[in-house]
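Number of protein chains: 2
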Amino acid sequence: MLIVLDKPRRDRAAERREATSAEIVDAAWEAAREQGLAAFTLKEVAERVGMRAPSLYGHFASKTAIIDAMFAQAWREYRVVADETFSAVPSAPREALGAVATTYFEFAVADLVRHQLMDTAAVPGFRPSDEAYAPSVAVYEQLVGLLHRLGITDPDERDLYTALIGALVEQQLANDPGGERWRRLLPRAVDMYADHVGLPGPSLQGEP
Amino acid sequence: MLIVLDKPRRDRAAERREATSAEIVDAAWEAAREQGLAAFTLKEVAERVGMRAPSLYGHFASKTAIIDAMFAQAWREYRVVADETFSAVPSAPREALGAVATTYFEFAVADLVRHQLMDTAAVPGFRPSDEAYAPSVAVYEQLVGLLHRLGITDPDERDLYTALIGALVEQQLANDPGGERWRRLLPRAVDMYADHVGLPGPSLQGEP
DNA sequence: GTCTATACACCGATAGAC
DNA sequence: GTCTATCGGTGTATAGAC
Numbered sequence: 012m013l014i015v016l017d018k019p020r021r022d023r024a025a026e027r028r029e030a031t032s033a034e035i036v037d038a039a040w041e042a043a044r045e046q047g048l049a050a051f052t053l054k055e056v057a058e059r060v061g062m063r064a065p066s067l068y069g070h071f072a073s074k075t076a077i078i079d080a081m082f083a084q085a086w087r088e089y090r091v092v093a094d095e096t097f098s099a100v101p102s103a104p105r106e107a108l109g110a111v112a113t114t115y116f117e118f119a120v121a122d123l124v125r126h127q128l129m130d131t132a133a134v135p136g137f138r139p140s141d142e143a144y145a146p147s148v149a150v151y152e153q154l155v156g157l158l159h160r161l162g163i164t165d166p167d168e169r170d171l172y173t174a175l176i177g178a179l180v181e182q183q184l185a186n187d188p189g190g191e192r193w194r195r196l197l198p199r200a201v202d203m204y205a206d207h208v209g210l211p212g213p214s215l216q217g218e219p
Numbered sequence: 012m013l014i015v016l017d018k019p020r021r022d023r024a025a026e027r028r029e030a031t032s033a034e035i036v037d038a039a040w041e042a043a044r045e046q047g048l049a050a051f052t053l054k055e056v057a058e059r060v061g062m063r064a065p066s067l068y069g070h071f072a073s074k075t076a077i078i079d080a081m082f083a084q085a086w087r088e089y090r091v092v093a094d095e096t097f098s099a100v101p102s103a104p105r106e107a108l109g110a111v112a113t114t115y116f117e118f119a120v121a122d123l124v125r126h127q128l129m130d131t132a133a134v135p136g137f138r139p140s141d142e143a144y145a146p147s148v149a150v151y152e153q154l155v156g157l158l159h160r161l162g163i164t165d166p167d168e169r170d171l172y173t174a175l176i177g178a179l180v181e182q183q184l185a186n187d188p189g190g191e192r193w194r195r196l197l198p199r200a201v202d203m204y205a206d207h208v209g210l211p212g213p214s215l216q217g218e219p
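If you're matching them up, the sequences are chains A and B in order. Numbers given in this note's numbering equal positions in the first sequence, counted from 1, plus 11. Numbers given in this note's numbering equal positions in the second sequence, counted from 1, plus 11.
Calculated directly from the structure, the hints in this document are not laboratory data. Don't take every hint at face value.
[As the list claims (entries may be wrong)] From the derived model, a few chain A residues whose C-beta atoms are all more than 10 Å from chain B:
no.: 1; residue: V15
no.: 2; residue: V60
no.: 3; residue: P65
no.: 4; residue: V150
no.: 5; residue: L175
[What the hints assert, rightly or not] Cβ pair distances, simulated, as ranges:
no.: 6; chain 1: A; residue 1: A99; chain 2: B; residue 2: T164; range: 51 to 57 Å
no.: 7; chain 1: A; residue 1: E29; chain 2: B; residue 2: R169; range: 47 to 53 Å
no.: 8; chain 1: A; residue 1: Q46; chain 2: B; residue 2: G69; range: 29 to 35 Å
[Claimed, not checked] List time: in silico DSS-like cross-link candidates among lysine-lysine, alpha-carbon distance up to 30 Å:
no.: 9; chain 1: A; residue 1: K74; chain 2: B; residue 2: K54
no.: 10; chain 1: A; residue 1: K54; chain 2: A; residue 2: K74
no.: 11; chain 1: A; residue 1: K54; chain 2: B; residue 2: K74
no.: 12; chain 1: B; residue 1: K54; chain 2: A; residue 2: K54
no.: 13; chain 1: B; residue 1: K54; chain 2: B; residue 2: K74
no.: 14; chain 1: A; residue 1: K74; chain 2: B; residue 2: K18
Yeah, the Cβ is synthetic: ideal placement off N, Cα and C, and Gly gets one too.
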């Protein structure tokens, strides 16, 4: 069935409204980065967009709704980044594993509070809505597909992989934010894992 | 020099005072487990020990001081557990690594909020006092000593080990609390790491 | 759509009586 | 040591004027 939409004329009012909502979400990210994900206040958000706190309720039904929008935005962004990597994944197994790991690592490490919101239970009581949650499922399925193509079908080995890469992210953020201490270990960790599951090919590292 | 302490007679008042402080700390753990580490309130703590909130200030100078006492207690407890493991560490390298990893894993997984307080930055702005922090340094030095005896002296390899075990803890707590999904991977992960650093000996797992 | 004013609840911490 | 009373502050959210 073809659906013809009448008058695709721009709705300037709606556009402006959406732009304001986006501004609010951006301001919420800033506030969360300064005060913490659970601790930032609507007053801080409002000030950044030149409003008073109650005015935010014209755009979001609650503080939780703002956090949900942040969650959705973060995963949408990562989905774009991950799609790019998965669409041009190297054919060599170890390089493939390394590319996917690097993409995730860099995205997570680039923004602490974003990582906390996406990957940890940092906001007490927060549960993302189904729409906000959907992109994370899609990305995980891409990973499962890649591992399958590499012959890694055991769910336990899958868990070990995600744990290993997640570990490096956690340690990097917790113990050396902005540094290189754990990032440098990424090829080594991928090699260790590749050896473990019996992937062929030469080491990702130069000669040790 | 020998220091002779006069009159080691029991000071019943001091004992009672200390017991009350311990009660308060216990109540704070309970409150933190229910409301979250950063979110629990002094009122909740006070109610559990049959007091009013202001009375807590007769025992602790601030809410932060209570959290500091919790931090110190947790690491003291772990120090006892770790001392036991390290004092009777198996002579076989892989078993040694596995025993130490298991001790840490089980202690961390047994209590989410305790783990959050000990090993993550879950309380915004909280910095443990030096006395409270000391036991964690002691435990880490024990680990470094063991790895040295096993021939693992590269700091990068040390980091990889702590990241790997820490990762399993995080995943277990975040994705399967109370379950076995990541605990079961512990021997596999230790083996993977042992292979990686070239430790001798048979696999920790039965025949795969 | 944004404002002011305010409701309502709760927080950590202090003062001072007992 | 523990209490009551209270201070000074914060927070989310709503009501109603403009």
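Now the hints, each set against the structure:
Under the 10 Å C-beta cut-off, the non-interface status given to A:V15 relative to chain B holds; the minimum distance is some 46 Å. The non-interface label for A:V60 is consistent with chain B: the shortest C-beta to C-beta separation is roughly 23 Å, beyond 10 Å. The claim that A:P65 is not at the interface with chain B holds, since no C-beta of that chain comes within 10 Å of its own (minimum 24 Å). Once the 10 Å rule is applied to beta carbons, A:V150 is consistent with being away from chain B; the minimum gap is 16 Å.
Not every CB of chain B lies more than 10 Å from the CB of A:L175, the least distance being 6 Å, so the non-interface label is violated. The beta-carbon spacing between A:A99 and B:T164, approximately 39 Å, falls outside the hinted interval of 51 to 57 Å. Evaluation of the 47 to 53 Å hint for A:E29 and B:R169 yields a pass: the beta carbon distance comes to about 50 Å. Roughly 32 Å separates the CB atoms of A:Q46 and B:G69, a value that falls within the hinted 29 to 35 Å.
Distance check on the hinted pair: A:K74 and B:K54 sit about 25 Å apart at the alpha-carbon level, within 30 Å; holds. Note on A:K54 and A:K74: the hinted pairing holds, with a Cα-Cα distance of about 11 Å set against a maximum of 30 Å. Between the alpha carbons of A:K54 and B:K74 the distance comes to roughly 25 Å, so the proposed pair stays at or under 30 Å and holds. This hinted pair checks out: B:K54 and A:K54 have alpha carbons roughly 26 Å apart, not beyond 30 Å.
Taking the CA atoms of B:K54 and B:K74, the gap is about 11 Å. The hint holds against a cut of 30 Å. Distance hint between A:K74 and B:K18 is unfulfilled; the C-alpha atoms sit about 61 Å from each other, more than 30 Å.
Of the numbered hints stated above, those contradicted by the structure are hints 5, 6, 14, listed in ascending order.
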